Every structure is written in structure tokens, then in C-alpha cells.
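*Asks:* Protein chains in written order, with this note's numbering: chain A, 7 to 323; chain B, 23 to 347.
In case anyone wonders, no lab produced these hints; they're calculated from the structure. Here the structure is a predicted model, which means the values were calculated and not measured. One thing to keep in mind: the hints can contain errors.
[What the hints assert, rightly or not] Here chain A is said to cover these stretches of chain B; the calculated rule only asks that three of the stretch's residues, wherever they fall, bring their Cβ under 8 Å from a Cβ of chain A:
no. : segment
1   : 87 to 97
2   : 137 to 149
[To be verified] Away from chain B, derived, C-beta distances all over 10 Å, residues of chain A:
no. : residue
3   : H34
4   : A51
5   : K99
6   : I134
7   : V146
8   : F161
9   : I192
10  : L254
11  : I308
For glycine and all other residues, C-beta sits at the position ideal for the given N, C-alpha and C.
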Amino acid sequence: MLSYILKRLALTIPVAFGVSIVCFMLVHIAPGDPLTSVLPPDASAQLQAEMRALYGFDRPLPVQYGLWVLKTLQGDLGVSIATGRPVASELGKALGNTLMLAVLATLIGFLFGCLFGFVAGYFRDSWIDRLASFVSIIGVSVPHYWLGMVLVIIFSVQLNWLPATGAGPGGSADWAWDWVHVRHLILPAVTMSVIPMGIIARTVRALVAEILSQEFVSGLRAKGLLDFGVFRHVVKNAAPTALAVMGLQLGYLLGGSILIETVFSWPGTGFLLGQAIFQRDLPLLQGTILVLAMFFVALNLIVDIVQSMLDPRVQRA
Amino acid sequence: MTDPLVEMKDVTVRFHGTRTVHAVNGVNLTLMPGETLSILGESGSGKSVTLKTLLRLLPENRTEIGGEVRVAGADVLSLDGRALANHRGGVVSMIFQDPMLALDPVYTIGDQIAEAVMRHEGISRQAGLARALDMLTRVRIPSPERRMKAYPHEMSGGMRQRAMIALALSCRPKLLLADEPTTALDATVQIQILLLLRELQREFGMAMIFVTHDIGVAVEVSDRIAVMYAGEFVETGTVRQIIREPRHPYTKGLLAANLHGAVKGERLDAIPGAPPALETKPTACSFAPRCLVRQDRCETARPPVVNFDPGRMVRCIHAVEPAMA
Chain A
7 MLSYILKRLA LTIPVAFGVS IVCFMLVHIA PGDPLTSVLP PDASAQLQAE
57 MRALYGFDRP LPVQYGLWVL KTLQGDLGVS IATGRPVASE LGKALGNTLM
107 LAVLATLIGF LFGCLFGFVA GYFRDSWIDR LASFVSIIGV SVPHYWLGMV
157 LVIIFSVQLN WLPATGAGPG GSADWAWDWV HVRHLILPAV TMSVIPMGII
207 ARTVRALVAE ILSQEFVSGL RAKGLLDFGV FRHVVKNAAP TALAVMGLQL
257 GYLLGGSILI ETVFSWPGTG FLLGQAIFQR DLPLLQGTIL VLAMFFVALN
307 LIVDIVQSML DPRVQRA
Chain B
23 MTDPLVEMKD VTVRFHGTRT VHAVNGVNLT LMPGETLSIL GESGSGKSVT
73 LKTLLRLLPE NRTEIGGEVR VAGADVLSLD GRALANHRGG VVSMIFQDPM
123 LALDPVYTIG DQIAEAVMRH EGISRQAGLA RALDMLTRVR IPSPERRMKA
173 YPHEMSGGMR QRAMIALALS CRPKLLLADE PTTALDATVQ IQILLLLREL
223 QREFGMAMIF VTHDIGVAVE VSDRIAVMYA GEFVETGTVR QIIREPRHPY
273 TKGLLAANLH GAVKGERLDA IPGAPPALET KPTACSFAPR CLVRQDRCET
323 ARPPVVNFDP GRMVRCIHAV EPAMA
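Make the full structure from the sequences, and use the hints.
*Replies:* Now the structure itself:
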């Protein structure tokens with residue numbers, strides 16, 4: 007077990023480096039000069055050159071990359087061009103907000119996705135299966151910013167139950183676990199949970215149906231287990247794959263929530279990423295993408311390790 | 023005289039789906055406690071289905087079972103819920119053809135055996151695991167303590183089948199069903215498993231129904247043999263009767279197609295043709311299209327069932343006056 011974890015851990019190092027190169031390259035491939043958006047249009051050529059030297063944009067790309075990696079490893083992601091604040095602290099705050107949102111959304115999605123999936127898989131081809139499949143297909147296919155806006159119209163505008171935007175009263179950025187703040191979390195989390203719910207429901211349905219068709223289920227019935235006993239075995243067989251899908255979904259939600267965070271003005275990484283793109287804030291963009299990518303790598307690692315604990319066959323591979 | 027342990031009367035099994043399959047068409051069977059019967063037949067003849075009927079393991083919503091099935095006094099076809107679960111594994115248990123597929127891949131062997139014992143005897147997990155260890159020792163798995171914590175994929179085929187047998191016998195069933203338990207194994211391991219089964223059967227005093235397509239295996243383990251073709255028994259008798267004086271042309275064909283006594287360089291006498299599809303209930307002799315001694319009446323009416331003495335039955339017009347084959 008321990009050797010498997012260590013081996014898996016060692017494997018992530020080259021992956022992380024590859025990811026960092028891709029992050030760096032992508033940002034630099036994009037056309038346009040990052041400084042034009044912050045400098046006044048009539049800035050002198052000398053000022054432009056000075057600014058470029060200040061941010062290190064005048065050096066060759068490999069050197070820039072090397073310096074960036076070196077600094078990143080020391081926890082320094084540079085300074086935002088737009089705000090002049092360190093990227094690390096901006097990112098830290100946004101990351102906390104997004105993490106909260108994504109984890110909650112994934113948990114809600116996982117719970118309902120598993121529920122729908124198990125019911126649909128167990129009662130395959132019955133009306134209840136069709137209903138659950140219908141709900142999960144809607145979950146996967148509905149545009150989420152649209153759903154977010156609909157929910158805002160219903161629960162904020164019409165019913166006035168929940169706030170429409172922000173992460174706290176009066177746009178305050180400091181989070182606290184009280185009702186005043188948690189209220190803000192509900193609508194974006196529910197909106198976001200629809201994505202993993204649909205995907206997990208469909209995965210679990212297929213899984214359960216596949217497991218139930220295996221011969222060992224006959225074996226379990228043949229030794230006299232009641233329905234609940236058989237169900238326990240099905241759950242344990244389905245768990246590794248379901249958890250893997252959940253981990254990947256969490257990864258997607260961490261980075262892929264730009265639209266939802268924009269709709270709800272949720273001060274998370276997606277929101278930050280959107281800002282960085284529009285302002286051509288290179289250090290912020292690089293840093294955000296890198297950290298999100300690293301999160302994804304770390305999640306994959308965790309999923310693999312948890313999976314190997316649940317499924318004894320994984321360790322051999 | 024004791025009561026028979028198993029009584030099947032005119033059992034029919036029909037599968038409904040995109041097409042209907044008449045898998046079993048009127049099986050009659052009586053088995054005394056401690057007795058071993060082999061059901062011999064080729065793939066698709068309905069032997070496994072007959073076996074699974076005794077445990078009601080066939081998919082409920084697509085299967086229509088007719089006739090009467092009694093095991094140890096209980097009417098198997100009317101069992102429900104908890105009573106059915108008590109019957110399965112407690113009174114009748116089963117060994118499957120491929121233990122790799124029939125054991126849960128993500129539970130340890132010890133857990134899987136203990137689970138069955140806990141379910142049927144209501145004992146603690148501790149006691150269940152102790153029984154599991156005892157069973158693994160009885161099926162002579164090497165270093166049983168270590169195998170308790172092993173997963174199915176960590177063991178060899180022969181060991182897995184031993185574990186499967188340990189599981190099946192853990193609750194002291196009165197009847198053991200074995201569905202081609204040696205087919206998926208190496209030839210050398212096959213013999214070990216057969217010997218083990220025969221020995222354990224005597225030790226536990228249980229009856230056994232053994233499904234196989236291998237005459238050699240049937241002869242090795244059983245007291246009686248029922249030859250099955252197209253969902254019905256075409257001939258039943260003691261091992262000696264079936265081997266020495268087969269009366270049904272299909273039985274004769276099976277014996278002739280065996281490797282034992284074959285002369286090197288000569289072709290084996292295979293039975294020509296293939297078994298019927300069973301989409302309709304047979305109205306004539308199912309074997310007639312492949313039969314070497316067929317007569318016109320074989321294809322227009324069902325052959326007579328000729329009972330010589332209890333347990334000796336032949337379903338053929340030639341049963342009484344042996345045909346010149």
C-alpha cells in the first residue's frame with residue numbers, strides 16, 4: 007500500500023512540470039501585449055521598455071519560464087499587473103471561496119446523483135428509471151448559467167428568499183459560517199451541483215446495471231443474502247468508480263465555474279480567471295491556471311489512492 | 023423408507039423476452055438424501071436451468087416456471103422473501119462453473135464465507151470468521167489463515183474453487199448443486215476437486231446434483247445419471263446402467279463420442295447436427311433430426327416414456343426392442 011502511494015506520488019512530479027510548461031506557453035501564445043492595457047495609450051517608448059524590464063517580459067521565454075518556476079516553488083506567483091497586489095494572496099482568497107462552493111456542489115451532486123443512479127440501475131427500464139434518467143439528462147444538458155438565472159428569478163426576484171449575488175452582505179469579502187453568509191452560498195451551489203449530479207447519476211446507473219448482471223450477484227443470492235445484503239455488495243463494487251467520477255467532477259468544478267461564478271458574482275477562481283483574461287493580467291492568469299491545474303493533479307492522486315484502498319485489484323495494475 | 027429430499031414433477035421453464043425459449047420441458051426427478059445424481063448433456067440442453075430452478079435463481083420477471091419442486095418438504099416455487107433466502111444457502115447451496123466470476127471481487131474470501139454463516143445462523147462476525155477458517159481447512163486450502171484475507175483474484179483457479187466449495191458447505195446444506203464445477207479448471211486440478219467433492223459429500227452426508235457435459239466426470243462422482251437433451255431427460259439410470267446398456271440413441275452417441283477406448287488415427291463418432299433452438303414446445307422427438315435410427319413416427323408424435331423400474335427411464339420408441347444401430 008505505502009509503496010503504491012509513494013510510486014503514485016513520484017509519478018505526479020513529471021506531470022506537474024508538464025502542466026506548468028503548458029500553462030506558461032498557453033498564456034504567452036495568446037496575441038497582444040499585457041502591458042498595453044495598463045499603460046496609457048500615449049506612454050513613451052522608454053516607459054514601455056522600463057515596465058517590460060520591470061515585469062521581466064524582455065527576457066527570452068525559457069528564462070522567463072525558469073524564473074517563474076523558481077519563484078513559484080518558493081510560493082511567489084508574482085504581482086498582478088492590474089491591481090499591483092501579490093497574485094498568491096488574491097488567489098488564496100478566491101480559492102477558498104471556490105473550494106467551498108465546489109465541494110458543496112459536488113457533495114449535493116454526488117448525493118442525489120448516487121440516489122438517482124442506484125434507483126435507476128436497480129429498477130432498470132421501469133418508470134422510475136425513466137424519470138431518474140430524464141432528470142439526469144436535463145442536469146447534463148441544461149446550460150448552467152441559464153439555470154442560475156432562472157433560479158435567481160424565482161428565489162431572489164419573485165420569492166425574495168435568497169440573495170442573488172455576492173458572498174456576503176453588502177458585497178463584503180470576509181466569509182463566516184453564519185446564516186447571513188451561508189444564504190449566499192445556496193443558489194450557486196445548487197446551480198453548480200446539477201452538473202455532477204447528472205454525470206454521476208448516469209455513471210452509477212450504468213455501473214449498477216453492469217454489476218447486477220454479473221454472476222457473483224447470483225452467487226450472493228445463492229448463499230441466501232437478503233436484498234439489503236446484496237445491495238451492500240453492489241455499493242462496494244460501485245464505490246471506486248463512483249468516487250473517481252466524483253473526484254474528477256470536483257476538479258472540473260474548481261476551474262470550470264467561470265460562468266456560474268460570473269452569474270452570481272461569486273468571488274472565486276472562475277471570477278478571478280475571467281477578470282485576468284479580460285485585463286490581460288498575465289501573472290494572475292498564469293498563477294490561477296497553474297494552481298487550478300495542480301488541484302486537478304492532486305485530486306487525481308487522491309482519487310487513485312482512495313480507489314486502491316476500496317478496490318483490492320487496483321494495486322496490481 | 024425415508025422421504026425423498028428432492029422431488030421435481032413435470033417441471034417446465036420458459037423464458038420470455040424478445041423471443042420465447044422453452045428451456046426445460048417436463049423434468050421429473052427424485053433424489054434421496056445423500057445420493058448423487060449427474061445431469062449429463064451438451065450446452066443449451068437445460069441442465070443449468072434445471073439446477074437453478076431448485077434455488078429459484080432464474081430472473082423472476084422473465085421466467086415462467088411450471089410443475090412442482092419440493093426440497094426437504096418445502097414447496098420451492100411458492101417460497102418468498104426471507105423463507106426463500108433461508109432456503110438458499112441453508113438447505114440448498116450451489117457451486118458455480120467459474121469461481122472467479124461467482125465470488126465478489128472486492129470482498130475477502132473470509133468475509134464472504136462468514137457473511138453466509140452470519141446470515142443463516144445469526145452468529146457473531148467473530149464466530150462466522152472462525153467457521154470460515156474451519157471450512158477453508160476442511161477443503162484443504164494451503165495456509166488457510168492467509169487465504170482468509172485474500173481476494174479472489176489473488177488465488178489460483180483451483181484454490182478459488184476450493185474456497186467456493188467452502189462457502190457452499192459452510193451452512194451445512196442438505197443438497198449441493200454443482201454447475202460444471204471443474205470445467206474452468208486445469209485437468210490435474212479437476213481431479214483433485216472431484217475427489218474433494220466426493221469426500222466432503224460423504225463427510226457432510228449431503229445429496230448432490232452434478233451438472234456436467236463430461237461423461238468421465240459423471241461416472242466418477244455419481245450414483246445415478248440423467249441424460250438431458252433439449253430440455254428433457256431422455257434417459258435416466260444408475261451409472262452402471264447408463265454405461266453398460268444405454269437405450270437411448272443420444273446416450274449411445276455420447277458414449278461413442280468419448281475419447282476412452284478410441285483407436286488412434288480413427289475419427290471419433292460424433293453426433294451429426296446441432297440441438298434444436300427450443301423456440302416452440304417440442305411436439306415430436308427432439309432428437310429425431312440427428313438420430314441414426316429415426317423412423318417416420320418419431321417426427322409426428324412425442325416418443326413414449328418407458329419406465330423400467332424406479333429411476334430407470336428411457337424416452338424413445340426403441341427403448342423396449344433395442345434398435346439395430
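*Asks:* Next, verify each hint and record whether it holds.
*Replies:* Verification of the supplied hints:
For the segment 87 to 97 of chain B, the proposed coverage by chain A is not satisfied: 0 residues have a C-beta within less than 8 Å of a C-beta in that chain, short of the threshold of three. Here the segment 137 to 149 of chain B counts 4 residues with a CB under 8 Å from a CB of chain A, which clears the bar of 3, and the coverage holds. For A/H34, the shortest C-beta to C-beta distance to chain B comes to about 47 Å, beyond the 10 Å cut-off, and the non-interface label holds. For A/A51, the non-interface assignment is confirmed: its Cβ lies about 68 Å from the closest Cβ of chain B, beyond the 10 Å cut-off.
At roughly 42 Å from the closest C-beta of chain B, the C-beta of A/K99 stays outside 10 Å, upholding its exclusion from the interface. For A/I134, the non-interface assignment is confirmed: its Cβ lies about 15 Å from the closest Cβ of chain B, beyond the 10 Å cut-off. Every Cβ of chain B is farther than 10 Å from the Cβ of A/V146; the closest lies at roughly 28 Å, confirming the non-interface assignment. With 10 Å as the threshold on Cβ separation, the claim that A/F161 sits away from chain B holds: the shortest Cβ distance comes to roughly 42 Å.
Distance check on A/I192: its Cβ is at least 37 Å (rounded) from any Cβ of chain B, clearing the 10 Å threshold; non-interface status holds. At roughly 21 Å from the closest C-beta of chain B, the C-beta of A/L254 stays outside 10 Å, upholding its exclusion from the interface. The Cβ of A/I308 lies farther than 10 Å from every Cβ of chain B, with a closest approach of about 19 Å, so its non-interface assignment holds.
Violation of the numbered hints given earlier is confined to hint 1; every other hint is satisfied by the structure.
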